[in-house]
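With the hints in hand, could you dock these two chains into one complex?
These protein sequence lines are chains A and B, in that order.
Per numbering that gives the first Met the number 0: the first sequence = residues 0 to 616.
Per numbering that gives the first Met the number 0: the second sequence = residues 0 to 255.
No wet-lab data here; the hints were simulated from the structure.
Incorrect hints may have been included.
Stated by the list, open to error - In silico DSSO-like pairs for lysine-lysine, Cα to Cα no more than 27 Å straight-line:
hint	chain 1	residue 1	chain 2	residue 2
1	A	567	A	491
2	A	472	B	11
3	A	472	B	6
4	B	122	A	33
5	B	4	A	360
6	A	319	A	601
7	B	198	B	230
8	A	518	B	11
9	A	518	B	23
What the hints assert, rightly or not - Which chain A residues stay away from chain B? Per the calculated CB distances, all over 10 Å, these:
hint	residue
10	286
11	325
12	342
13	343
14	389
15	390
16	391
17	496
18	568
19	583
20	584
21	585
22	589
Unchecked claim - Per the computed footprint, the stretches of chain A lying under chain B, defined by three or more beta-carbons under 8 Å from a beta-carbon of chain B, are:
hint	segment
23	39 to 50
24	140 to 153
25	241 to 252
26	360 to 366
It should be emphasised that the depicted structure is a prediction, and the values quoted were computed from it without experimental measurement.
Think of the CB as a built atom: it goes at the ideal place given N, C-alpha and C, for glycine as much as any other residue.
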Amino acid sequence: MTEEYKKYEYDVIVIGAGGAGLRAAIESARTGAKTAIITKSLLGKAHTVMAEGGCAAALQNADPRDGWKVHFHDTMKGSKWLADWRMAEFHAKEAPDRVRELEQWGAVFDRTPQNTINQRNFGGHTFPRLAHVGDATGLELIRTLQERGIHEGIDIFMEYTVRHLLKEGDRVTGCVAYTRVDGDFHAFSAKSIVLATGGITRCWSVCSGSWEYTGDGHALALWSGAELRDMEFVQFHPTGMVWPPSVRGILVTEGVRGEGGRLTNSEGERFMFNYVPEMFAGDHAETIEESDQWVEEVVSGKLATVRRPPELLTRDVVAKAINSEVKAGRGSPHGGAFLNISHRGEEAILKKLPSMHHQFKELAGVDISKEPMEVGPTAHYVMGGVRVNAETQESNVPGLYACGEVASGLHGANRLGGNSLSDLITFGKRAGEYAAKRAKDLAQPTIDEAQVQSAIEVMLAPLQRTEGENPGKIYDEMRDMMQAKVGIIRTKEEMEEAMEDLKSFDERQATCFPGTSRKYNSGWHQALDLKNMVDISTAATLAALTREESRGGHTRDDFPGEIEEWGKILNIIYMEDGVIKVRQEPVEEMREDLKGAIKEVKAMIAERAAEQEGSEK
Amino acid sequence: MMSLKGKMQDFKILRGEGDEAGLKDFSIELDEGMVVLDCVHRIQHEQQPDMAVRWNCKAGKCGSCSAEINGRPRLMCMTRMSDVVAETPEGKPIEIRPMKAFPHVKDLVTDVSWNYEVAQRIKPINGPEEMNWEFNQMEADRVQQFRECIECFLCVNTCHVLRDHALFDDFAGPRNLVRLAQYEMHPLDIEDRVPEIKKEFGIEYCNITRCCTEVCPAGIQITDDAIIQLKERVVDRYYDPLQRIWRTITRQKVRY
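In isolation and in its complexed conformation, chain B is listed as follows (with noise of 0.2 Å):
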């Protein structure tokens, strides 16, 4: 790892709330090994106390500091500043704003709540009223993949869906699309989400430009393994010829 032990850094970040935020200049000593995270808090203890960031476990694991840096969606716990240094150009400074689309609270912090809405309305788990379930590693593992999403919520702040055309109302966002990929996979639930994956969730907004997968800390292939996964579901009950045929066929009653 290059050492960036005694370099004076600069740093452009957005400070401030409503019309008055904008980008504001710092400047620190930086020390070796440091993460974006260290250097915001470098600001804070030494110079800006009242500055606002969110961030809890600074290990990658509670997804709380996301943060768009040198206009990259990252997590400022796992970005290392000798990385970004590198990807900065000589003598300029790195910027740190907050993710873009979620409404701006102060300074590097957004009103996520929009997410937890959305997984209020999802379904929970419906199997098994006995304990001691059964099921299988590989049954486990295409779901423990979904499970592994620690809500950091980057991946909605880079759908197009949201980010751009702001379709809150219509699309549930990557998120929450991994969350319903999880309980649609589960080995032993017995729920039935489709018909909300169509309307109310939106998954046909969706068009697998793969901006979430890109940026998702924890590495899940939420278009490949989820997203795709949901709307073949959807194609199934809705625009399967084939399938509507057999079923009426089996007398298999689903909801549309």
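So here's chain A without its partners, still in its complex pose (with noise of 0.2 Å):
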């Protein structure tokens, strides 16, 4: 029987919400191209809200001594020299500007007494680089581009989920998506589409994501022949709350840190000194006075003269250091750590990191103006998603591109803090531009009828069952497998199990039954999303098994300590006749110019270095 569905044509389709899809729509839209943004959820409450601390842009306006060079280095040491050095220039040149587009739009950011964008300290940011509203830097981000958005002549279908790709060829024309309300079908014609989906931390237990994170805009992608690259690379966010059990996983913003927040262990210990590694010797203050002093100076708005705390140590190394001391014993009572920020007063508290304090004590019961938090790792960011074009975004599919978490270059081994909302405007501006410049000499595609109906089929199917497992209680074991095999520390054994796990899961999820209604059925939703997410945490598992060596957010017990060749190997993921398999390639050798600027702002770090050494002898 074929199922009816509604047709539409558009020159670009964004899939996602979010902030890299708001701003890659707007630029399309601004081109002159027909435009429209398919959301899973309402508009304006993506994932992206969810940004706390800021977004990274070397606007020089909290620090003069940064500027792009030194962004450009920050994110290629933080991303362990893996990072696309393109993607990083085109990044930490672009950024400003989009910044402060932002505030043309509306956005309201926290301002420097001369009247201009403040910024603060995030880690791994050699200057206070971070544009920002209180904590809720997300929500500003989110809240300006969808106001301008629905200003753009943006169509836009609100809770449609994208499950199928059309193509024709190689190329990609189009997508079939369905309702979440009522549960009935639609397929895009469209020249050029862009995802925008967000990452997959949904496929952990313990995580800071929302239920979008089932790597929908990854798996659409792997199923549609495009590549993707370090899906090894997870990124654990050393801080998120750890109790009560309901709120495990939720963010506790890296800017508590940047404020001046103390990490300890049970014994009272400021433990992060004794974690500094080796890459970082001499970045980072050496005692509790430095480290005070640093806070102080930053505090009363002065230039720091003194070296960070190292509580703010890139995002893997300090995620490792709380689980190391939670394993030694020296854990918090719920198995974290302490992060303690009372000493800046409530006054303080409330202006910087309200929805903290709000946070805190309306799910934990905790005032964090007079009492520690206590906090561990979530997963929190995947670095790896669909290997796309620097220049364009565009990935090794004609007609698909990709921006924002589900796109990969930028990050390499670990992100920095930061710039996921620099990445999402710097790169959703970037895929815009170049979908709607490809949209501008195509036809318009027109729409397979078989595809479409084939893949309503697939849809469909949970609906047609009469009996099976609830996919709930799926989706919470699998959560839980990947968080006990695949989770912050990895072994060969444990991820040669998972990958044994995810096929039993993939036969259970192709036989579960959410009930037979196709109105806002959110177990057939979920049913749905199963398949995504068993075949994104195999990418991830297949990646992780490979790389025999611990860099970033790629922790292996087996292989402690980074290799020197796989510093020069990228992990390749593909999907060949039904089956996810993974190649290795050379990371290409970085541009002499650019290698040139590294080499400038690393003197520049050491002569800091050395001149406080020098003072405190």
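Encoded structure:
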């Protein structure tokens, strides 16, 4: 029986309405392309709203010593030198204008005493660099883009979930979606498609992601022949809530540490001083006094003359340090570490970290202006994603673009805090621009009836069963499995088990039963998401099994430490005849002038460290 | 915090759609530290996979999971079970209903698209062409409060003008009045929205009962800081004879 569906024609379709998707759609529509956004949530609810700390851009407002070269250096170094240096260069150069543009679109960032956009310190950033609004910067970003976007003539399809990309030969020609409210079907013809679907962290049970983070775009790309890279690199943010159980994983912004938050273990020790990796030796304060002086200077708006506290090391380092402390028996009562900001006083905390104050008060009954928080690692971000051309954001599938978290390249093995929001607007703009450009010279593709019908068949399958497991149960168990076997510390044995487990989850998802109703059936939506999650978890596990070293967001208990050769190799994930496979490719040698820029910044940082040591003696 | 681990709790949750929608009984075992949304998820994952509920962040930041819990409009993700159990008479079920002011879709989901349609009609910010806008933190403070809105629409759901009188065609609702205030009070915005605020957005319908402010999970002073300020602008423009004379003398042109 053929199922009815509605047809649409667009130049550019953007899937996802977070920061990257909105920015891409705005750019596309501005160039005159007929543009639509398809989003599986309501507008303004995407995961971007949860970003807290800020948006990194070398505006040079808070510290004139900053500049694109320093931002470029910090991003590359934070990525453990695996980032695509072309993307890192575009990002460092273009982010400032993308932020200033947001201000013209209505964003009201916190101000400096000179009446310009203020910037805060964050892990891995040499200078205060993050434009912010208290600790709710993501909300500001998405609302600004949303309020701009609705006046650009973009058609917005809310609560439509794309489940299939249409193809004609190699190229992408459209997509098929179901509506969450009514459960009916829609086929879109599009000359270009931009994936802006965010991440995959719902595959882990302790995560900071919203329900949407089921790897939809990653899976759509993989299924349609696009390559993914860096899928082994999953960022476990060091500070998620750990208590009570129902809030485990909810993010505690790095801004707490940027504002002077101190990490201690059950013995009251500031343990981060013991975990400074060689790569960062000399960049951070070596005594509590130096740390405190840095906080005092920064808080009072002066230029820092000493080095930053070790709490502001990159996220991978801090997450592993907390993990080690807990393992060594020095954890907090509920298996985390203590994070204390109470020394900053109630007034400063309410001004700078209002939503953290609210979150802990409401959900944990803790007043952070008086007592420490308990925090521990939470799956937060996937560095890996669709492999794209740095300039255009196009994947290896013609007409298929990706930007934001679903794309990859900018963050390599580890993302710096604040580099995500700037990633969204920098590469969202690029993706929208080039997707629209491509659409200009193309005829409207025809919608292939057979492809649409077979996609609809797959979508309807769970509803046509008469019995089976509750998809929610499979979902919960699969997330627990990934947490246990492909979590922050990994081994060959556990990951091989995970690969086997994923096969059985794949079988179970294919027979689950969410009931028969099409109308806003949350279980049906979840049943369809399970397939994405199985395939993307498989991709992440396969890449992690392959990389026999520890680097950034990928830590192997059986291969501790970085191995030089692996620093020059990327894992590329692709699908061939329905099977997910991995192959290696060498990292491309950095352009000479960029190598020069790195050298210049390194010399500047070394000089500062030397000055510091001189003044201590 | 009171521990509820192991306690069996009864719920009455609105299930179904159209005329067939009605309160249905559910019972689950509680864990420590749960919020209401956790309970709904537990019912979904253990008993009723097709139960409809809208949610995203589960951290009070996205405003998706608005509902009426024991008759009070709240976010399910930020309402602790320890509080709800304490306020519910012993042995009685906890009642969860969808927001009443909006068209019902199914179970706990309503159609909130009206809010987006109104937003579309509001003129966007209009400021200097050049980048690097300059204004100070005090000026930013006035507007930043309004920008903390998470669009949960609990204020709209609670407003008498809409909930009881259904004047959706004549009144913009508190959420969008907050949006208007955010633009009107932006230090560098030069757009004039006062005639629309009076006419199509119907600010005069608000009779300052402050219900919206009371339910706002973001703590925005909707009535005092947004609506009353906008009302004053309308009064200045339309009803103040001295202002009218002054504008005539100074040949100031404004829209009516």
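State the violated hints by number, sorted upward, taking the hints as numbered earlier in the document.
none
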